Amino acid sequence: MAVRLYEKLKHTVRYWLLRNLPTCQQTVATISESMERPLSFSERVKTRLHVWICVWCQWYLEHLVLIRDASRAQAEKAPELMTDATLSTDARERIRRRLTNQN
Amino acid sequence: MQYSSWPKNFDMSEAQVKSPYPAPDPERWLDDHGDYLFKYAVFRLRDDNVAEDAVQETFLAALRAYENFEGRGSERTWLVGILKHKIIDHFRRSSREAPIGEDFDAGPEHTEFFDRPDTWQGHWNADRAPNDWHATPAELIERGDFWKVFDECLTPLPQRTVSAFTMREVDGLKSEEICEILSIKVNNLWVMLHRARLHLRNCLEVNWFRREQ
Chain V
4 MAVRLYEKLK HTVRYWLLRN LPTCQQTVAT ISESMERPLS FSERVKTRLH
54 VWICVWCQWY LEHLVLIRDA SRAQAEKAPE LMTDATLSTD ARERIRRRLT
104 NQN
Chain H
706 MQYSSWPKNF DMSEAQVKSP YPAPDPERWL DDHGDYLFKY AVFRLRDDNV
756 AEDAVQETFL AALRAYENFE GRGSERTWLV GILKHKIIDH FRRSSREAPI
806 GEDFDAGPEH TEFFDRPDTW QGHWNADRAP NDWHATPAEL IERGDFWKVF
856 DECLTPLPQR TVSAFTMREV DGLKSEEICE ILSIKVNNLW VMLHRARLHL
906 RNCLEVNWFR REQ
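Sequence order for the protein chains is V and H. Okay, so the first sequence: first residue is 4 according to the working numbering, each after it adds one. Okay, so the second sequence: first residue is 706 according to the working numbering, each after it adds one.
One should not assume that every hint holds.
Said to hold, decoys possible - Ranges between beta-carbon positions, derived for each pair:
id : chain 1 : residue 1 : chain 2 : residue 2 : range
1  : H       : N892      : V       : P25       : 17 to 25 Å
2  : V       : N23       : H       : V891      : 26 to 34 Å
3  : V       : E65       : H       : D832      : 16 to 24 Å
4  : H       : D837      : V       : D93       : 39 to 47 Å
5  : V       : V48       : H       : H815      : 22 to 30 Å
6  : H       : E780      : V       : D72       : 24 to 32 Å
7  : H       : D832      : V       : D93       : 43 to 51 Å
8  : H       : A831      : V       : L52       : 20 to 28 Å
9  : V       : S45       : H       : R797      : 31 to 39 Å
10 : V       : V48       : H       : G778      : 44 to 52 Å
11 : V       : S37       : H       : D876      : 13 to 21 Å
12 : H       : N830      : V       : S45       : 22 to 30 Å
13 : V       : E83       : H       : N754      : 20 to 28 Å
Claimed, not checked - Below, a list of computed lysine-lysine pairs in the DSS-like style, where the Cα atoms sit at most 30 Å apart:
id : chain 1 : residue 1 : chain 2 : residue 2
14 : V       : K49       : H       : K890
15 : H       : K791      : V       : K80
16 : V       : K80       : H       : K853
17 : H       : K853      : H       : K791
18 : H       : K879      : V       : K80
19 : H       : K853      : H       : K789
20 : H       : K789      : H       : K879
21 : V       : K49       : V       : K11
22 : H       : K879      : V       : K49
23 : H       : K879      : H       : K890
24 : H       : K789      : V       : K80
What the hints contain is simulated information worked out from the structure, not anything from laboratory work. Everything numeric in this text was worked out from a predicted model, so none of it was measured. Every residue gets a Cβ at the ideal spot worked out from N, C-alpha and C, and that includes glycine.
The following block holds chain V by itself, in its conformation from the complex (with noise of 0.2 Å):
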């Protein structure tokens, strides 16, 4: 009984949230915002809210954190991952021509 209640209750507080809230599609801007600048405290407080209730835009937020963690880990790595990026022949040849003209 105590359980159904408590289903109930959390059901209907997270529908009155999801209904008063800002939407996923407004929320997700403000995600993307929060990287580049500091939020509002009423901007803060309903995302938080949001991201609290939604799974959906949780993973959003954890998926724009990872997108970034990983291009800078790679971008880091790049030139000692990347093997089979490497200038051509032609662009090398042309590249040293360039350079002893120079001298």
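On the provided structure of chain V, position chain H as indicated by the hints.
Quick look at chain H alone, frame taken from chain V:
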């Protein structure tokens, strides 16, 4: 005319030997650092020809500025420092060639992600909503094929949006710096970054993470 005080058999190379630093050797730079610089550049510029030009420009600038280097620190770090500027110069130039108007294209809005037939309009459409990726940055940097998909996902976006995304997410430049380089307002930058993230996240999920699981 022969200067009387000019020593006979004067050899320039002797003067260079006396210099405390070795003469610049651009051909050796090319052999030692050419591929490294090219990979560094192509990851950011995403075009072989543009990256080749950036590498050539870097070596030419390095020759002109050699006296500033004078063997301080690592040669490669010094060259990468020059290359960074050349890459920024490219972004700045290509942005100048296409100045933005009122109706400039920041990238796809993807309103269909939030299109629902029920009363929840504006919330994720279940078919387009994010899923759990079960991934860490460390796992992803080992996967060359992931970065191919990443690259393909960025391709359909407008050039300026990709440049902004690269400077922000890859090199971690500040918003103000990027706005100055691309001559755009900060609100435009935020819209571009938001559209790039929305598009890239979905594209990676569809073309990589769903296939991996």
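We went through each hint and held it up to the structure:
no.	hint	in the structure
1	N892/H / P25/V: 17 to 25 Å	18 Å, holds
2	N23/V / V891/H: 26 to 34 Å	30 Å, holds
3	E65/V / D832/H: 16 to 24 Å	20 Å, holds
4	D837/H / D93/V: 39 to 47 Å	46 Å, holds
5	V48/V / H815/H: 22 to 30 Å	26 Å, holds
6	E780/H / D72/V: 24 to 32 Å	30 Å, holds
7	D832/H / D93/V: 43 to 51 Å	47 Å, holds
8	A831/H / L52/V: 20 to 28 Å	21 Å, holds
9	S45/V / R797/H: 31 to 39 Å	37 Å, holds
10	V48/V / G778/H: 44 to 52 Å	48 Å, holds
11	S37/V / D876/H: 13 to 21 Å	20 Å, holds
12	N830/H / S45/V: 22 to 30 Å	27 Å, holds
13	E83/V / N754/H: 20 to 28 Å	23 Å, holds
14	K49/V / K890/H	26 Å, holds
15	K791/H / K80/V	20 Å, holds
16	K80/V / K853/H	15 Å, holds
17	K853/H / K791/H	24 Å, holds
18	K879/H / K80/V	22 Å, holds
19	K853/H / K789/H	23 Å, holds
20	K789/H / K879/H	15 Å, holds
21	K49/V / K11/V	23 Å, holds
22	K879/H / K49/V	26 Å, holds
23	K879/H / K890/H	13 Å, holds
24	K789/H / K80/V	15 Å, holds
Hint check: no violations occur; every hint is consistent with the structure.
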